[in-house]
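These protein sequence lines map, in sequence, to chains A and B. The opening position of the first sequence corresponds to residue 1 in the UniProt record's numbering, with each subsequent residue numbered one higher. The opening position of the second sequence corresponds to residue 1 in the UniProt record's numbering, with each subsequent residue numbered one higher.
Please keep in mind that the hints were generated in silico from the structure rather than gathered at the bench. Take these hints with a grain of salt, some might be off.
Identical copies go unnamed one by one, so any copy, or any two together, can satisfy a pair.
The list that follows gives simulated cross-link-like pairs (lysine to aspartate or glutamate, EDC-like), each with its CA atoms no further than 20 Å apart [stated by the list, open to error]:
{"#": "1", "residue 1": "LYS62", "residue 2": "ASP136"}
{"#": "2", "residue 1": "LYS181", "residue 2": "GLU37"}
{"#": "3", "residue 1": "LYS165", "residue 2": "GLU144"}
{"#": "4", "residue 1": "LYS9", "residue 2": "GLU47"}
{"#": "5", "residue 1": "LYS9", "residue 2": "GLU193"}
{"#": "6", "residue 1": "LYS103", "residue 2": "GLU157"}
{"#": "7", "residue 1": "LYS103", "residue 2": "GLU37"}
{"#": "8", "residue 1": "LYS9", "residue 2": "ASP194"}
{"#": "9", "residue 1": "LYS9", "residue 2": "ASP52"}
{"#": "10", "residue 1": "LYS62", "residue 2": "GLU157"}
{"#": "11", "residue 1": "LYS51", "residue 2": "GLU36"}
{"#": "12", "residue 1": "LYS181", "residue 2": "GLU47"}
{"#": "13", "residue 1": "LYS9", "residue 2": "GLU144"}
{"#": "14", "residue 1": "LYS165", "residue 2": "GLU70"}
{"#": "15", "residue 1": "LYS181", "residue 2": "GLU28"}
{"#": "16", "residue 1": "LYS181", "residue 2": "GLU36"}
{"#": "17", "residue 1": "LYS181", "residue 2": "GLU70"}
{"#": "18", "residue 1": "LYS103", "residue 2": "GLU193"}
{"#": "19", "residue 1": "LYS62", "residue 2": "ASP186"}
{"#": "20", "residue 1": "LYS62", "residue 2": "GLU193"}
{"#": "21", "residue 1": "LYS122", "residue 2": "GLU36"}
Protein chains: 2
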Amino acid sequence: MKEHIVISKATIDRLPLYFRTLRLVQQEGTEIISSEELGRRIGVTPEQIRKDLASFGEFGKKGVGYFVRELIRNIGEILGLHRNWNIAIVGVGHLGWALANYKNFASLGFNLAAVFDVDPAKVGQLIGGVEIYSIDRLEEVARERNIHIGVITVPAESAQEVADKLVAAGVRGIWNFAPIKLNVADNVRLVSEDLSVGLSSISYYLSRQ
Amino acid sequence: MKEHIVISKATIDRLPLYFRTLRLVQQEGTEIISSEELGRRIGVTPEQIRKDLASFGEFGKKGVGYFVRELIRNIGEILGLHRNWNIAIVGVGHLGWALANYKNFASLGFNLAAVFDVDPAKVGQLIGGVEIYSIDRLEEVARERNIHIGVITVPAESAQEVADKLVAAGVRGIWNFAPIKLNVADNVRLVSEDLSVGLSSISYYLSRQ
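Construct all of the structure, not just a fragment, from the sequences and the given hints.
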């Protein structure tokens, strides 16, 4: 697996797009696809796709294209998908609800195993087929359910405390939506989403037209 | 403004993080901040910050730091924020609700001007202080409200049709959350969010521990 280590973050971030698009292509009954067609559907250049895929192995046939099923299996393995990662969502606002019901996650092999909220009125309710637990039981339930990845959708002021409890419970992946910089140990993989980035990027380009 | 054109996309994507962090710093009463402290709070290296900021001008004093208020104003101008961009959200599922109530947008100068949904039961309701209109009136209302940016939170199968209607109504910025590749004219700025990318990135690293 050594060669996977050298894949750039930019490439890793594109792999899920390749993966998802290839699965759509497969559903359409296509068995072989060219880098041109794949690039057209994803919105990147064929050169970029050939470069990305070449960075972790030899796929497809020159002048023929990529074998869809093989490529899906390989990219899935590289991304560590379908290992049934257990994920927990902490904070059941609208975003927490949206994520708990986001179909793509299950199809990628992520298993919603627990949901937590501070509101007693929500505790005991079902969301995405999973019971909502009191945030007071976060550590206990996260450990019991063997949670691998914690999704933080609480307000900024509670996010660090939630992250600390998740890590204390053995969670090694944190996906943070709270608009605040979290501090976690080096052996914890933290990915923070900032919804204002996409909008600001559009604003940047619009203001130049 | 020529020099702004050459800023790399990676830098542009970091600017909103700088902007948001600097505003927090300002609220704490700090007037000058070093690249080390700013980097620590954002989670990037001081070198990266100095490189990013140097790419669009001279800020701060060597050995002193950056002047927070000045830097906030400059980054805001570069990102084209506070021009009161009118945004419309199309599709009031949980994600649409979450985005309509996302406080950060207003604080960046984005004005939620219209919301649309296909469900007659939702039409007429208020969301984020704005009335929900029938999606049948998308073109008419988007034009009337001078919508600059359309946020697409409808299911994948309706996303392209919604994008086409927004563009037909003069919308030049599209922020797409539907898990599908949209096709828009070259004069339209399209940013697509893929929520499975962050999670797959975590999965990639966890599977290597």
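Status of the hints after comparison with the structure:
1. LYS62 - ASP136: So LYS62 and ASP136 fail the 20 Å test inside a copy (57 Å) and across (48 Å) alike.
2. LYS181 - GLU37: Between copies only: 13 Å across, 39 Å inside.
3. LYS165 - GLU144: For LYS165 and GLU144, the Cα distance is within 20 Å only inside one copy (14 Å; across copies 49 Å).
4. LYS9 - GLU47: Answer is both; intra-copy 17 Å and inter-copy 19 Å each pass.
5. LYS9 - GLU193: both (15 Å within a copy, 17 Å between copies)
6. LYS103 - GLU157: Close across copies (14 Å), not inside one copy (29 Å); limit 20 Å.
7. LYS103 - GLU37: neither (26 Å within a copy, 40 Å between copies)
8. LYS9 - ASP194: both (17 Å within a copy, 16 Å between copies)
9. LYS9 - ASP52: both (11 Å within a copy, 19 Å between copies)
10. LYS62 - GLU157: neither (54 Å within a copy, 34 Å between copies)
11. LYS51 - GLU36: Answer is within: at 13 Å inside a copy they meet the 20 Å cutoff, but 35 Å across does not.
12. LYS181 - GLU47: between (35 Å within a copy, 19 Å between copies)
13. LYS9 - GLU144: Neither: 32 Å inside a chain and 42 Å across chains, both beyond 20 Å.
14. LYS165 - GLU70: Neither way: LYS165 and GLU70 sit 40 Å apart in one copy and 38 Å across, limit 20 Å.
15. LYS181 - GLU28: between (42 Å within a copy, 15 Å between copies)
16. LYS181 - GLU36: between (39 Å within a copy, 15 Å between copies)
17. LYS181 - GLU70: Neither. Shortest intra-copy (39 Å) and inter-copy (22 Å) distances fail the 20 Å Cα cut-off.
18. LYS103 - GLU193: both (19 Å within a copy, 15 Å between copies)
19. LYS62 - ASP186: neither (42 Å within a copy, 31 Å between copies)
20. LYS62 - GLU193: Answer is neither: 38 Å inside a copy and 32 Å across each miss the 20 Å cutoff.
21. LYS122 - GLU36: Answer is neither: 49 Å inside a copy and 42 Å across each miss the 20 Å cutoff.
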